[in-house]
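Protein chains: 2
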Amino acid sequence: METRASIAQVPLFEGLPADQLSKVADVSIEQKFGKGQTLFSEGAKATGFYVIVSGRIKIYKLSLEGKEQILHIFGAGEFFAEVPVFAGGAFPAHAEAIEASRVLFFPRAAFIELVRSEPSLALNMLAILCQRLRRFTHMVEDLSLKEVPGRLAAYLLYLGERAEGSDRLELDTTKGQLASLLGTIPETLSRILAKMSQQEFITVEGRRITILNREALENLAAGEKLPG
Amino acid sequence: METRASIAQVPLFEGLPADQLSKVADVSIEQKFGKGQTLFSEGAKATGFYVIVSGRIKIYKLSLEGKEQILHIFGAGEFFAEVPVFAGGAFPAHAEAIEASRVLFFPRAAFIELVRSEPSLALNMLAILCQRLRRFTHMVEDLSLKEVPGRLAAYLLYLGERAEGSDRLELDTTKGQLASLLGTIPETLSRILAKMSQQEFITVEGRRITILNREALENLAAGEKLPG
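Order-wise, the sequence lines are chains A and B.
Residues 1 to 228 in the numbering used here are what the first sequence lists, from first letter to last.
Residues 1001 to 1228 in the numbering used here are what the second sequence lists, from first letter to last.
Hints are computed from structural coordinates only; laboratory data are not their basis.
Backbone N, C-alpha and C define an ideal beta-carbon position, used for all residues, glycine too.
Mixed in with the good hints there might be a few duds.
Said to hold, decoys possible - Covered, in the sense of this in silico footprint (three residues per stretch, anywhere, with C-beta under 8 Å from a C-beta of chain B), are these stretches of chain A:
{"#": "1", "segment": "117 to 123"}
{"#": "2", "segment": "132 to 140"}
{"#": "3", "segment": "200 to 213"}
Claimed, not checked - One side only, chain A facing chain B, incomplete, derived with CB under 8 Å:
{"#": "4", "residue": "Glu82"}
{"#": "5", "residue": "Val83"}
{"#": "6", "residue": "Ala110"}
{"#": "7", "residue": "Ile112"}
{"#": "8", "residue": "Leu126"}
{"#": "9", "residue": "Leu129"}
{"#": "10", "residue": "Leu143"}
{"#": "11", "residue": "Ser144"}
{"#": "12", "residue": "Gly183"}
Taking the hints into account, I'd like the entire structure generated from these sequences.
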């Protein structure tokens, strides 16, 4: 019961019906780790993922010289190692308790069995994750719309300069690469390009972009807001 | 084959191994809609979700007076209606083609069967979504760290004023509500509160927050960066 309450808070399971939460709880194994104890090492087969009940776990890599680089520190209510476990790979980093910690371990094999016998559990988890993803997509978009148009405008002007002042540009990256360069996602980049086209600042045909209104791009790059 | 290529681009399936992509493609049914044709209506049972091959689909609601409110316009490569389908509910809005469109329809029943016979498909999809979610979480965090500390500081000072200048505050919302009020996610809010505590700007005990350094909060609210 206490396990179920811990699990119900985890974003991965949040919103599952009670009977499925119980089944998920039944699969989990409680483990305790003292400060400094290792949970898993980089390269080992990812046999299960973890939910932290209490304590803190650091995820880190070691350089060839043995220098530690901390990637994350996770605390109560957070989960980790689910990507390699779901994808069926190896742990991509080391994990160590930085204080006395209680975790729930979800063995991959038992979890697969559970999904096989109860496909709607997997569908519910997919629904939860899709919903979070939609929410995050909007959030990234809201946050991006403040700054990304300006950065994109500056980048287009830079490409123009590099092409010796020409207004006809060819993007030298994919939209996915450009989006991550600008700190956003491809969906939002597409929407910003569409807006800039509607405003007749540019025209876009595939990777070819023509600057129609250089002054407008310069204003955007200087911090003015993209209209509409 | 063409279907598989369309599906391989969809964020929901991106990165699935070829044999699983083929199985997903086999489940899908190609449908064509003319401009103005309805795909589904609000309240109808969500019998399947859609991936757009070409064209554009608007998702909208109707007010009691029959006024249309557009929620989204989706284009090629985008998917929709997966949340009610996975969760097993009703379509939460209407969908209509705003130009001639080709879509792939994924019936819920066939999809469930596929997950039952091939649980690793669901796990791979969960891995993909978890990975995207982790990436988006970082992105929201990166974007938030520029502005959210300032907004949080302003909010704490406002709570202080409302408490007649007292330094001992009680949050009147949950952390989840406060996070969305500030335009971020609970994970990032927790990290910012932890940083502010480390800097000894505030102390946090559950919902009780004590202001230790009012000047530092005023500087943050004025746009100064949160150190560390």
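Going through the hints against the structure:
Figure legend: the segment 117 to 123 of chain A, annotated as covered by chain B; annotation consistent (4 residues with Cβ-Cβ distances under 8 Å, at least 3 required). With 7 residues having a beta carbon nearer than 8 Å to a beta carbon of chain B, the segment 132 to 140 of chain A meets the requirement of three or more and the stated coverage holds. Check result for the segment 200 to 213 of chain A against chain B: violated, 0 residues qualifying (beta carbon to beta carbon below 8 Å, three or more required). Taking 8 Å as the C-beta contact cut-off toward chain B, the hint placing Glu82 of chain A at the interface holds, the least distance being around 5 Å.
Nearest Cβ of chain B to the Cβ of Val83 of chain A: about 5 Å, under the 8 Å cut. The hint holds. At its closest, the beta carbon of Ala110 of chain A sits 12 Å from a beta carbon of chain B; the interface hint therefore is violated under the 8 Å criterion. Of the supplied interface hints, the one on Ile112 of chain A holds, with its beta-carbon coming within about 5 Å of a beta-carbon of chain B, less than 8 Å. Hint on Leu126 of chain A holds. Least Cβ distance to chain B is approximately 5 Å, under the 8 Å limit.
The interface hint given for Leu129 of chain A holds, since its Cβ lies 4 Å from the closest Cβ of chain B, which is under the 8 Å cut-off. Hint status for Leu143 of chain A: holds, given a least beta-carbon distance of 4 Å to chain B, under 8 Å. Here the hint on Ser144 of chain A is kept, as its CB sits about 7 Å from the closest CB of chain B, short of 8 Å. Given hint, Gly183 of chain A at the interface with chain B, holds; its Cβ is 7 Å from that chain's nearest Cβ, closer than 8 Å.
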